[in-house]
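Q: Respectively, the protein sequence lines represent chains A and B. For the first sequence, our numbering gives the first residue as 556, with consecutive numbering after it. For the second sequence, our numbering gives the first residue as 5, with consecutive numbering after it.
Hints are supplied without guarantee of correctness; some may be wrong.
[What the hints assert, rightly or not] BS3-like cross-link-like pairs, simulated, lysine-lysine; straight-line CA separation at most 30 Å:
hint	chain 1	residue 1	chain 2	residue 2
1	A	K1002	B	K64
2	B	K64	A	K788
3	B	K213	A	K631
4	A	K1014	B	K64
5	B	K64	A	K743
6	A	K678	B	K213
7	B	K213	A	K955
8	A	K743	A	K725
9	A	K743	A	K788
[Said to hold, decoys possible] Among chain B residues calculated to face chain A with C-beta under 7 Å, some are:
hint	residue
10	S8
11	G24
12	F26
13	D173
14	A250
These aren't lab readings, by the way, just hints derived from the structure by calculation. None of these values were measured; they are calculated from a predicted model. Glycine residues also receive a C-beta, built at the ideal position from the N, C-alpha and C atoms.
Read off the chains here:
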Amino acid sequence: MTTPAAINASLRGDNALPLRPANQVMDLERLGAMHQSRLSFMRTLVRKIMRERWQIEPARFDLDPDGYGTVVYEVKAPDGLFSFVLFSDYLAPDERNDRVIATKWDLTMALVDGQVDDVYLEKLRQNVPKQEAGRVDSRVFVLSRANRSARNFDYVVNQLANGAQPDVQKIAEVGYLYRTTAVYGSGKLGMADWEKVQSRWPDFARPFSAEMFVCFMLRNFSLLQAEHIARNKAPDSFNPMQPEIKRYFGIGNSTGLGMAPYLINHPLLINQWVEMRELALARIRVLGNIDHRVQLHLIELIERSSTHTSQIITEDDWQTANNQQVLKDLAALLELAREGVEDWNSLINWSEANCSLQGQELLVSILLELYPELVNELEDYCAAEEFLDLDPLMPVQQLKEVIEQRYDWALNLDFGADGAREIFWYRSEEKMEPRLGNATEEDGKDKQMALGVGYAVRKCYDQLSEYVAQHPDHSTARFMVARPKLRGIVRRIQSMNRCIYGDIQANLLHRDVLPMHLLRSKLAFFGVSKFDPRSRLWVRNTMFQGAPLLEDIGKTFNDDWFMPLAPQQTGESK
Amino acid sequence: MNISMNELKAALRRCFEASGYFVGNYEDAANMILWLEKHGLNGLGELQRALPYIAEDCDKPLSTVVYEDSTSAIIDSNGRSALNCIAASVDLAHAKALEVGIATVTVHNCHNRMFILKALTDCGRRGISIAAYWQNGSQTVTEHTAAIKAGDRYPSYSEATTTLAASEDDKQALTIICSSRVDLTSSLQRSSGNRNARYISAAQVAENKEHSVDNGIEIDDALWAEINRIGEGILVENSDRSRQGAGGR
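Given these sequences and hints, build the entire structure.
A: The following block contains the structure:
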């Protein structure tokens, strides 16, 4: 077991491990090239469930033959008993909408503390299907909804009803039966605050673990429901789905711009996630022993990643080109691995010189797979107290130097250049949906969200430079009395300066900014795969593909569902 | 109605952003109100009194340092609400205390001074002790003090109704004492004429927080609607063009 002191000693001081530098890691394009890893939240959640053998059983199963009705699962975890409550309602195909502005869904769900009696279930029934238009109380800590994959659901039900298995090739094209379109937690709509979740329910005390759990349960329910409908449709010919095919079903996810402001508004938390991932890599660079077993495992993982990537199907040309490049990168890495790797630094350096960013970051994820003993324990250090504190004593001259050192990327940007401040981020009056506007063509810039950190740093630096010239001996506190409008950015600069990695390095106001990178970065920390961009502003992806099923809990578990592959088709699929 | 702390914070941020508070300041204001309410010190009641005036501050001059030496400063807040200026005064006291051991900052012409408690708490958490004292009221004068020890997470708070006559000089003033060397505690003396005195210990403040964490925040429907109504000022009108900016097809 590691400790906070040991982690700190590995990050800072004369015994620090060789971490990758901030200007490399926090570059937005690289963040957007990240992949899932064994530190991703889905992986850590599944490890916890499997290791602790959570007991998850349906306590109520009121579905009609068409799969509509109410299901309640009771979840017995080591520190508490919870209920996963799900409402399945008919939704006309023309009403199905993945956008946040939708008002009806196929499934709506809630994760609740304790057992749910009839009275409370009725209260939930009155509110959960309404989502944003309803209210819940602080027993509830996740609220979510999902829509059927029109392409897959009926096909799978019909196959099972006819006694056949779904064609694996079809699942490779769309690896899920449902897409979740929002997963709310952290006190929204009257739910328990994160402070309550973290302090009262230790089973879900890691960031986003409750949200990930709801998606995990949704995935299991989707398979159960498909089988239930098929069984009722044709009880004589029905055949259940083979477990290995079931495991290849994940849950779909559509993520749009709503996730982007989160990364900018929670810089300390994001820094913490990055620090743990980078610390894991640095541990491997120095401590990761390479023997024959590791060499073989490396080859196996590169081959698996290559097959996985080749099985990704996307209509997006940009992503397709990226995937093709990753396949080339992996082929080159495989060649090196077969020749024998003597030290990780050489391989990493080679990848940085020869591979695409996505290829480089995939290698990082593969290396993390090789050493669970060096990586897994860092999962307990992915939370952060999010205080952006001012350092009032810091001399203004030092503050100026901090900006020059830590925000050189921002000072090097030309905000007067064409397009440099053309984009503004705002909230629409339609459900407060985050949107992007073009400042030259649309109104609303005066109401923009403060996401242009780089530009704010630039303005702060210019005013600070003038102030330092006049008052070289003043403290930051004194500067703040004189320039209170800069309080927010100064506090941020000083706080992020205390971190190893600091802020994401990008001009989010630039005409050519790709919000996709922000979305993908956060989704990689969550652990999704199969990125399928639908525009530069939203992306479909797959969660929990390859993960164990509920019925696998209590059985052997090798924690090896990284880059899952399509199973070999053994049963009848036609 | 019952709302979560996060909902209150988010709505307050929108409310203050729409009222002309600048980046960094609207978060502070939201956190100051939430902190009082969360810890059982009637932050929403204080907000209700402040709400009609919050949009006026953007037309007022910024705080100015009237006097300063190594151990003290006098700041004129020019009639602003503590919600948008008191944190800077506390920071100045903090910086001076770190330099010289103990420091005093007096703030004049500052409204809603109860909101200082969140700023005091931040000092305690960051390892410095701080105390504040102020009087309030033009007819009946009340007096208030709060303090936190270095390293603590919760302050104590005292208030009482006095028989003091309102003094023009003292109106809207507040005194901050901050020390990196001495642990400061404060409670009101048993002055003759003081009524309705109450002392809330740091332990009680902590206990109040646990209740809010478990149960969320109770808020008057009309106040909640008003906070949200003001907050709508930051929302941009919907249009077909705008819908494209959400990425939909």
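Q: Against this structure, judge whether each hint is valid.
A: Hint by hint, here is what the structure shows:
no., hint, in the structure
1, A/K1002 x B/K64, "holds (22 Å)"
2, B/K64 x A/K788, "violated (72 Å)"
3, B/K213 x A/K631, "holds (28 Å)"
4, A/K1014 x B/K64, "holds (23 Å)"
5, B/K64 x A/K743, "violated (35 Å)"
6, A/K678 x B/K213, "holds (27 Å)"
7, B/K213 x A/K955, "violated (38 Å)"
8, A/K743 x A/K725, "violated (37 Å)"
9, A/K743 x A/K788, "violated (39 Å)"
10, S8, "holds (3 Å)"
11, G24, "violated (11 Å)"
12, F26, "holds (5 Å)"
13, D173, "violated (22 Å)"
14, A250, "holds (5 Å)"
Checked against the numbered hints given earlier, the structure breaks hints 2, 5, 7, 8, 9, 11 and 13 and satisfies all the rest.
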